[in-house]
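Based on these hints, arrange chain D on the given structure of chain E.
There are 2 protein chains.
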Amino acid sequence: MRRAFDEARAAAGAGEVPIGAVVVKDGVIISSAHNLPRTRCDPTAHAEVLAIREAARALGNERLDGCDLWVSLEPCAMCAGAIVHARIGRLYYAAADPKGGAVAHGGRIFDQPTCLHRPEVYSGMGEDEAAQMLRDFFAARR
Amino acid sequence: MRRAFDEARAAAGAGEVPIGAVVVKDGVIISSAHNLPRTRCDPTAHAEVLAIREAARALGNERLDGCDLWVSLEPCAMCAGAIVHARIGRLYYAAADPKGGAVAHGGRIFDQPTCLHRPEVYSGMGEDEAAQMLRDFFAARR
Numbered sequence: 001m002r003r004a005f006d007e008a009r010a011a012a013g014a015g016e017v018p019i020g021a022v023v024v025k026d027g028v029i030i031s032s033a034h035n036l037p038r039t040r041c042d043p044t045a046h047a048e049v050l051a052i053r054e055a056a057r058a059l060g061n062e063r064l065d066g067c068d069l070w071v072s073l074e075p076c077a078m079c080a081g082a083i084v085h086a087r088i089g090r091l092y093y094a095a096a097d098p099k100g101g102a103v104a105h106g107g108r109i110f111d112q113p114t115c116l117h118r119p120e121v122y123s124g125m126g127e128d129e130a131a132q133m134l135r136d137f138f139a140a141r142r
Numbered sequence: 001m002r003r004a005f006d007e008a009r010a011a012a013g014a015g016e017v018p019i020g021a022v023v024v025k026d027g028v029i030i031s032s033a034h035n036l037p038r039t040r041c042d043p044t045a046h047a048e049v050l051a052i053r054e055a056a057r058a059l060g061n062e063r064l065d066g067c068d069l070w071v072s073l074e075p076c077a078m079c080a081g082a083i084v085h086a087r088i089g090r091l092y093y094a095a096a097d098p099k100g101g102a103v104a105h106g107g108r109i110f111d112q113p114t115c116l117h118r119p120e121v122y123s124g125m126g127e128d129e130a131a132q133m134l135r136d137f138f139a140a141r142r
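Those sequence lines, one after another, are chains E and D.
Just so you know, we're using full-length UniProt numbering here: the first sequence kicks off at 1 and counts up by one.
Just so you know, we're using full-length UniProt numbering here: the second sequence kicks off at 1 and counts up by one.
Treat each hint with caution, since some may be false.
Copies of the same chain are indistinguishable here, so a pair counts whether it falls within one copy or spans any two.
Straight line, CA to CA, 25 angstroms or less: simulated SDA-like cross-link-like pairs of lysine to any residue [to be verified]: (1) LYS99 to ARG9; (2) LYS99 to PHE138; (3) LYS99 to GLU54; (4) LYS25 to GLY60.
Quick caveat, the hints were computed from the structure, so don't treat them as lab data.
Note that the coordinates shown come from a computational prediction; the quantities given were computed from them, not determined experimentally.
So that you can see chain E by itself, here it is in the shape it has in the complex (with noise of 0.2 angstroms):
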């Protein structure tokens, strides 16, 4: 998560909200991302959306199976369902996200009874620092 929260940190360097994501495998980083939308001009570049596809690029797989994935704040719906595709196989996130979040909150799209892969959950490691640096980067833009 400490790796997340420096990618986090980057995102905040490049005006892009701060939220960092890291993809391990057998406890090896495999990729590390940061949000970049407006910097890619691309809406679906989250930082989990971003470290997956490069994890499977790393990987030569397009389904990262026995891999975790650490991010600093709940998923949203459009990055839970590229977890559910990749079959990441636990989920470790920081802070949650009662607005924008899609885990625990919103369309929980690892609870619906469709859905084809569910990854564990853990969260509120770090919960009070990922906040704290939401908090500040919106504080500043105001």
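The following block gives chain D in isolation, referenced to the frame of chain E:
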């Protein structure tokens, strides 16, 4: 929708699930794409995500204001989330997808009270042809 079906057929020809998507603005096709997760080793490479990414790049804006998306199948949660982030104005899809869809089924992404942007949604045009393409594809692979 004709062009989306052409893209879907191209996907089947490449051994990918036959789904195609087209982004249109002011009556002009901005981008079109088909499913390519296996070919690209990218679990996020659904037709809708690829078409949205290409359109954002082409228009130089992560927000596709005034753009419509035509797709041969009801979008999944990942693609519905991407549609929200891209601010797609109108979504037209052919066949419903009770198993994987997240517009009229599953997570019903646009119906969540916290959903930041709701496209107008139209469905059913050409649904028989779209569904038949999918049935033929999966029948041939069994």
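Consistency of the hints with the structure:
1. Taking the closest pair of Cα atoms, LYS99 and ARG9 come within 25 angstroms of each other only inside a single copy of the chain (21 angstroms); across copies the shortest separation is 38 angstroms, beyond that limit.
2. When the C-alpha separation of LYS99 and PHE138 is checked against a cutoff of 25 angstroms, the pair qualifies only within one copy, where the shortest distance is 15 angstroms, while the shortest distance between copies is 38 angstroms.
3. For a Cα distance limit of 25 angstroms, the shortest separation of LYS99 from GLU54 qualifies neither inside one copy, at 27 angstroms, nor across copies, at 28 angstroms.
4. Within a single copy, LYS25 and GLY60 get their C-alpha atoms as close as 14 angstroms, which meets the 25 angstroms cut-off; across copies the closest is 35 angstroms, which misses it.
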